[in-house]
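*Asks:* Chain residues, written in single-letter form:
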Amino acid sequence: MVTTLVAPRLMRRSFLYRAASVTARNLVATRHSGYLLVVISGFLEPVLYLFSIGFGVGALVGDFHLADGRVISYAAFVAPAMLAASAMNGALSETGYNFFARLKWEKLYDAMVATPLRPFEVALGELLWALARGLIYAVAFLSIMIALDLTTVWWALPALVGSALVGLAFGALGMAVATYMRSWQDFDYLSVATFALFLFSGTFTPADAYPEVLRVVVTLTPLYHGVELLRGFTTGALSLAMVGHALYLAALAVVGLTVAGRRMDRLLCQ
Amino acid sequence: MSTDVAPSPWPVFYHRWRLYLNTWRGTVFSSFLLPVMFLLGLGVSVGSYVDDSALGLPYAHFIAPGVLASTVFQVAISEAAWPVLAAFQWVRTYHAMRAAPLRPVDMVGGEILWIWLRAGTSAAGFLIVLALFGIVRSPVAVLAVPAALLLAAASCAPVLAYSASIRRDGWFALLFRFGVIPMTLFAGVFFPVEQLPLAARWLAYVSPLWHGVELSRAATLGLPTAIGWLGHAAYLVLWAGAGYLLAVHRFTRRLTD
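Going down the list, the protein sequences come from chains A and B. The numbering used here puts the first residue of the first sequence at 1, with every later residue one more than the last. The numbering used here puts the first residue of the second sequence at 1, with every later residue one more than the last.
Incorrect hints may have been included.
Incomplete in silico selection of chain B near chain A, CB under 7 Å [said to hold, decoys possible]:
| # | residue |
| --- | --- |
| 1 | Tyr20 |
| 2 | Leu21 |
| 3 | Met37 |
| 4 | Val44 |
| 5 | Tyr49 |
| 6 | Ser53 |
| 7 | Ala54 |
| 8 | Gly170 |
| 9 | Arg177 |
| 10 | Pro182 |
| 11 | Leu185 |
| 12 | Phe186 |
Honestly, the hints are just simulated from the structure, not real lab data. Built from N, CA and C at the ideal position, the CB exists for glycine as well.
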């Protein structure tokens, strides 16, 4: 009686429960062997960049003098940027490409909205999945940073929260953007845009050193705020500006998710 | 009854060209804008923190020919990956071609001809950009283009075989993560391989990219290469030849099911 009548009704009330069922669906999909390997190996890329640019090119750069006078190794400067970039890429590969495939090709969401799931809940469930995937990468990357003495355990904890925020912001943004995509070719523009962010968000050199126009543009883009927030944590240099960076990312997450929910409503229910 | 078209790789090349007319816009970004961004974001920007005496030349000059080679490497591999799997698995173009008087050798040959066009134009375009930056200093810089074609053949041929052997595109993500990206990052593009620990250095030496980087650097900067340009070229020909034979074998297997 309880399981057949009452429990389903209770569950149906909670939008979080319904969103989580979308997340659970993706978790089941990782049993697909190829996909699981892809998901697990995703943490590798930022690690390779850290070794190549942080240590390899870092050997040519030598010690790095920050604007506030502190001297850190170039690897310690680059590492938090790689953490932020991997949160961005992880979130975008899930909510950008995979989301688009499910929306346009697999018609998965057409099936989902025929159940009690609403478009906004589908979007939220996908975002939670991207967040879960991103957090696994962040834990792995931060562990490596600790092992290489690029940060400490205590600073890694707030950095983990920070990278979750970066993942949420880019996940929501990616979903909103994906609903406007017409074909796979449009993703070429997305990869160019993310690559430009990857190179020019104060990642490899401080944004202060950029030419004035570029510096102003960069401070408006989301990855810059992610990099600055995480660098503040991992190098242990807190500042009031970090509150601003966090608010920017939170606002982006809310706006992105709202737009994505509305667009999905238009694409699937009308 | 006679057929107008004798078996040849050109129809396959022409097919790719017609498809490209619909999708070329995005590739302009990926094959021209991306390397330029690398040059600015790493070469010029990080370069301002690098002591020139460490390398004997400005850092931007050091990485420019490397970025040229790695762009060609990535273009060649991308073109031999998704479109080829699509033509086997999703669109089944090759099955249609098989029903026409086209043989697997024509398909592999046609793909390589097409990839040469993409790689050659990418290399030539980037070379012009380098000349505008004042980075090309050697009169033999145009030789970077044939070097790029050699690198493209060496890197795309084995990937053609790989694409003909898989059924899901998730395998490409693994190819990039465990092959293409590590090679791009550690095969002498961004810093000299001599800095690597010995074991990792040998992995760089084995990869076709490092040999392509050496040839490209020799052409644009007029520097001597590690084992002489003939040695690097011969090694790339070896990769291309072995990859070609394997690709023809895999194409034949896949199409006789």
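*Asks:* Look at each hint and say if it fits the structure.
*Replies:* Evaluated hints:
{"no.": "1", "hint": "Tyr20", "in the structure": "violated, 11 Å"}
{"no.": "2", "hint": "Leu21", "in the structure": "violated, 12 Å"}
{"no.": "3", "hint": "Met37", "in the structure": "holds, 5 Å"}
{"no.": "4", "hint": "Val44", "in the structure": "violated, 10 Å"}
{"no.": "5", "hint": "Tyr49", "in the structure": "holds, 5 Å"}
{"no.": "6", "hint": "Ser53", "in the structure": "violated, 10 Å"}
{"no.": "7", "hint": "Ala54", "in the structure": "holds, 5 Å"}
{"no.": "8", "hint": "Gly170", "in the structure": "holds, 3 Å"}
{"no.": "9", "hint": "Arg177", "in the structure": "holds, 5 Å"}
{"no.": "10", "hint": "Pro182", "in the structure": "holds, 6 Å"}
{"no.": "11", "hint": "Leu185", "in the structure": "holds, 4 Å"}
{"no.": "12", "hint": "Phe186", "in the structure": "holds, 6 Å"}
When the structure is compared with the earlier hints, violations turn up for hints 1, 2, 4 and 6 and for no others.
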